[in-house]
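Trainee: Sequence:
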Amino acid sequence: MAVSTTFKVVVSDPKTRKAYQKEVDHGTSGLIGRKIRDKVPGDFFGLKGYELEITGGSDREGFPMRRDVEGQGRKRLLLAGAPGFHPRIEGQRKRKSTRGNTISQEIIQVNAKIVKHGDKAPEELLDIKPKGKEEGKEEKPAE
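So the sequence shown is numbered by the numbering used here: it starts at 1 and just counts up by one.
If you are wondering where the hints come from, they were derived from the structure by calculation, not from laboratory data.
Be aware that one or more of the hints could be misleading.
Label-pair ranges, simulated between beta-carbon atoms [as the list claims (entries may be wrong)]:
1. Lys-39 x Asp-68: 14 to 22 Å
2. Asp-25 x Asp-68: 24 to 32 Å
3. Gly-62 x Pro-87: 13 to 21 Å
4. Gly-62 x Lys-116: 24 to 32 Å
5. Gly-27 x Arg-88: 38 to 46 Å
6. Gly-73 x Gly-30: 20 to 28 Å
As a list, the in silico DSS-like pairs of lysine-lysine whose alpha-carbon atoms are at most 25 Å apart [claimed, not checked]:
7. Lys-35 x Lys-15
8. Lys-120 x Lys-48
9. Lys-48 x Lys-15
10. Lys-8 x Lys-113
11. Lys-39 x Lys-8
12. Lys-8 x Lys-120
13. Lys-18 x Lys-39
14. Lys-96 x Lys-8
15. Lys-116 x Lys-35
16. Lys-96 x Lys-75
17. Lys-116 x Lys-39
18. Lys-113 x Lys-35
19. Lys-94 x Lys-75
20. Lys-48 x Lys-113
21. Lys-48 x Lys-35
From the three backbone atoms N, C-alpha and C, an ideal C-beta is built for every residue, glycine too.
All chains should be modelled from the sequences, with the hints used to inform the complete structure.
Mentor: In structure tokens, the structure reads:
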């Protein structure tokens, strides 16, 4: 069973309501052993001056992390709501597999949100180009 050496970190900005993705190495990320709701400096992800809060994640099979499950392993729980199960009928419950609240080598995606902003915009620090009109197309003159 091959374990990935990188995380995909999805950083959400509640102020602008945008999300940014960044690939981060396990060793340099400083995330191994951290739990959901822990605050981490954004320096590890290229966001100097920012502070992030871990909000969740999932492993490579897609099983979500749950804040109320201690540890790193996968557990089968009787769920009545999200994350991990969205009931279609009121009162419906189902046994589903979920991950614990601690980040380990098996986690492939980590979700975080910005709780303290830095001096520069995240687009500048992460080298993200704004999505707009394509460069090759010419604009029609207004008549």
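Trainee: Among the hints numbered above, which are violated by the structure, and what are their numbers in rising order?
Mentor: none
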